[in-house]
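Trainee: Chain by chain, the residues:
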Amino acid sequence: MADFTPEELRAKILEYLGKKDKAKNRDIATALDTNKKEVDKMVNEMAKEGILEFLYLGTSYVKLKDKE
Amino acid sequence: MTEKKRPLLDELKKGKWPSFVTEMEKSAETKPVVNSLLNLLERSFEEKRVHWKHGGIVGVRGYGGGVIGRYCDLPEEYPEIAEFHTIRVNQPSGWFYDSKAIRTLCDVWEKHGSGLTNMHGATGDAILLGTTTPHLQDCFNDLSDAGFDLGGSGSNLRTPSACCGPARCEYACFDTLDLCHNITNSYQDELHRPMWPYKFKIKISGCPNDCTSSIARADLSIIGTWRDSIRVNQEAVAEYVDNGLPIKSAVLDYCPTKCISFDKEKKEMNIDNENCTRCMHCISVMPKALRVGKEKGATLLLGGKATIVQSAFLSWVIKPFIKLDKEDNYAELKEIMEKIWEWWDENAKVRERVGELIYRKGMGEFLKATDLEPVPQMVHHPRTNPYFFWYPEDFAAEKEAKDANKEVAGSEVSE
Amino acid sequence: MTNPYYAKTDIGPPNFWNMLPQVIKDNYGNWLYHEKVKPGVLKHVGETGDELFTVRVGSPRLLSIETLRWFADIADKYCDGHLRFTSRHNVEFLLADGTKVDALVDELEAAGWPVGGTGKSLKNLIHTQGWIHCHSAATDASGTVKAVMDDLYDYFKKDDLPAKLKISMACCLNMCGAVHCSDIAFVGVHRKIPTIDDNGVANGCEIPNVVASCPTGAIRPNPKAKSVTINEEKCMYCGNCYSVCPSLSIMDPENDGIAIFVGGKVSNTRKGPEFSKLVIPFIPNEPPRWDSLVAAIRNLVEIWVKNAKKGERYGEWIERIGWEKFFEVANLPFTDKHIDDFTFSVPTFRTTTQFKFTDKK
Ligand code: HEM
Ligand code: HEM
Ligand code: HEM
Ligand code: HEM
Ligand code: HEM
Ligand code: SF4
Ligand code: SF4
Ligand code: SF4
Ligand code: SF4
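Chains as they are written, first to last, in our numbering: chain A, 6 to 73; chain B, 953 to 1367; chain C, 19 to 379.
Below, simulated DSBU-like cross-link-like pairs (lysine-lysine); rule was C-alpha separation at most 30 Å, straight line:
#, chain 1, residue 1, chain 2, residue 2
1, A, K72, C, K244
2, C, K244, A, K68
3, C, K118, B, K968
4, C, K176, B, K1200
5, C, K175, C, K95
6, B, K966, C, K138
7, B, K1219, C, K61
8, A, K24, B, K1301
9, A, K42, B, K1313
10, A, K72, A, K46
11, B, K1248, C, K182
12, C, K95, B, K968
13, B, K1240, C, K328
14, B, K1301, A, K41
15, A, K70, C, K26
16, C, K26, A, K27
17, B, K957, B, K968
18, B, K1275, C, K289
19, C, K56, B, K968
20, B, K1200, C, K138
21, B, K1200, C, K327
22, C, K182, B, K1219
Keep in mind the hints are simulated off the structure, nothing from the lab.
Make a model of the complete structure from these sequences and hints.
Mentor: Have a look at this one:
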């Protein structure tokens, strides 16, 4: 399992979501091979900053804000 | 706005029960959108079908829940309600309000929405029914400035709710309102930002009467109980009997464990508390004479849910008794909850509730993951089939016991 | 329109303590007992001897802010501004001064707000959104509820039923409310499999999610059309797939309707909680006043009132006489629909020779 600094993790999440329409935090953690709790924390932080947003399609996902 | 006739809905203004149509028409006087909503509803009554669809992202910054996007499927004909989103506002514990708080909510909702509410939704939240996307952030800002926050929706912790408990109920075995407030505030991230496979609901009832229907409606049901004896006031018992309470047919015969005896001479009631299952029947019939015990806490039950996707489950016991201490900030309960979330989050498929996960994986795995002790209180009866599993750790434990020169009772398994 | 201001997040709900009337603060956790004063009015007595009166009012749940403000005015006038709501959509006015109770009740009643729903009465009917606001509703919620409550109004106002009576409604099989554990539950049902809009599925839905959403495994991918197929024999019309994918419409005005279940309860009193069980598989949608539904529920209530012993909830009564007798008393047909064939069905089959005959006539 990979360990990232917060800056690295943030960049990796942005990069991953840049390639996807949407993802669950679990998918992000699996793809980055890292701890899901850390991903949760970072996703929440980025959501509060308005960089990410959530959507609900049977279950909840995150996506980059304003990405179609 | 052309005034339309609504003969079908007019029928529902008749009758003695308060009419939701009348409520909507009150709002329509100042809010033209509600007229559109009424017209659409009349159309649903004519056609016998809904005209709402889901989809689309709406929300306020930083939140993944609390706003539910609603769109009319006939936007050209009903442009005023093409968007008609729901906002869930986290209710104060026990749904206690003062008139100032009510007026604050009304003022915000007059400014930003349709003026229609549900007090309250089945989730527990106060529901503000119907606004447009551009109003959402402003509405949230005003709510937040006035001291209100959003409730949960989506794959997150849903707004916990609690019965009125010690505020107005002598049966309360712990402070339901404080626990609800505490949990809600401790898990704001989990409430607002969905990061789980599916939803998780907590409902809190102060005694086995379970006024919040937690066993049927919550993943985690926290239900007050006691482990010592029912407190009996024999004078009050005698008074009930003197006033004509048929104690045998109304109380003794209904006791599910038949653990009450009544001494007719002395007019005394004796409860065999060892065998009482704390069903509340006798206490509910004779509240002046009987009180719940003194050593109070709660039973934790897990897994309840409505029919979708697997069958309906009622929550089942995972911890027969837990002390709920304000002083240590409910540490033991929180530790258990967090372990449950972690195991569920780790193992569940998308849209799998915790009860379904346990059904799929087995209680054995669940108990191991959460360090909860298997006890007979968890089942109606032990299993009737011989298909159980053995694990390396069972054999290791046996070996250890053997090495320590102790007999392991009840096991035939050898190396 | 949106200004760039972002308010504080995560502040949580207002603290309930600030909402409590003084008499509750003084007696918090130290209530001794309660008694009913009259239907809709409870009196709680604290260890200090203080008294708290509760006046319960039924509401249709959907309330305008005009009405809420009026409730706030009433709370100011009689209750130092204090009120609460219950989990069954009631409004409760809380006051320490018993002398004001009658005037309060009179004013509420005069304005058309029924006081009742305590003790052995019909409780307010809990229900969901229906045609007013949800996408998957097979019937309306507020309309059916209004029609049923108008008809059963007197049972809300009195408290001389055999036991409390809880009726609930959900407008689709999602069953948002605790409908599956009510004395009488009515639920919107669909009866035909969803129609598949292949184009819509291909463009708007996630096939794996759609396949996974089906509790009976009825949905298979249809790679050719980039869509799905639904196995008619397995689909039980739950609409779950529709919630995940709007292009699988389950709406069918001609065939959607209502099913009735009875005998459930959620409290642990006496016997533990119970699911409600199916008694009427289908009643058509008859807006605006759903006459067949109203008549069916009245019949179900009346046979219980007539036959149950004092203290027996709906399910307890049926359990005493047996389900086979119940169908006889209710004069309802028993059909293949009543025999479970979903998950966990086998334990509901009768595995004993003990039963009562009801075909003797
Ligand atoms: C995929 C499945 C589901 C979808 C898409 C869904 C969607 C919705 C929507 C859109 C609403 C809001 C209605 C409104 O206010 O406009 C709602 C309300 C609600 N849902 Fe669901 N729901 C689903 C499954 C469930 C299930 C299985 C349960 C119960 C276990 C449930 C419990 C609730 C509750 C309690 C409410 C509040 C209802 C009220 O207060 O009237 N939902 N749901
Ligand atoms: C651990 C679980 C069980 C095992 C391994 C088991 C095994 C067996 C076996 C091997 C037989 C056949 C005996 C023969 O051929 O003479 C049998 C017969 C029987 N079992 Fe079980 N059984 C189990 C549980 C139960 C339970 C829970 C019940 C009842 C509730 C039950 C009721 C019966 C009856 C009535 C027979 C006699 C059937 C006959 O004579 O044809 N068994 N069982
Ligand atoms: C791979 C494992 C098993 C094999 C190969 C097996 C094989 C057999 C065979 C060959 C018979 C017929 C015996 C006869 O009538 O002469 C039989 C009968 C029976 N077995 Fe098994 N069995 C297995 C597992 C089980 C298990 C796990 C149970 C119980 C839970 C079970 C319960 C029974 C019962 C109740 C009968 C008696 C049926 C009857 O009397 O008609 N068997 N088994
Ligand atoms: C006579 C004493 C009782 C009093 C004063 C009382 C009071 C209440 C109150 C105030 C509520 C609304 C609770 C809330 O909104 O949080 C309620 C609901 C409820 N009560 Fe009781 N209760 C009593 C006895 C019982 C008994 C004996 C049972 C079980 C048989 C019971 C079962 C329930 C249930 C299941 C609900 C919740 C259902 C719902 O409204 O959603 N209660 N009760
Ligand atoms: C949707 C259909 C049904 C489901 C999902 C269902 C599920 C269940 C479950 C999970 C239990 C165990 C409850 C517990 O552990 O306390 C149970 C118990 C029971 N069910 Fe059902 N059931 C259904 C329909 C029925 C029907 C139609 C009947 C009878 C006509 C029935 C009669 C019973 C009885 C008598 C019990 C035993 C209750 C007890 O142990 O106290 N069920 N059911
Ligand atoms: S659950 Fe028990 S403690 Fe809570 S309000 Fe109901 S009867 Fe009282
Ligand atoms: S609480 Fe229930 S089980 Fe216990 S003595 Fe009373 S009636 Fe019997
Ligand atoms: S029961 Fe179904 S249709 Fe009704 S509000 Fe809930 S999800 Fe919507
Ligand atoms: S309606 Fe329900 S059972 Fe039928 S295909 Fe859709 S999800 Fe499956």
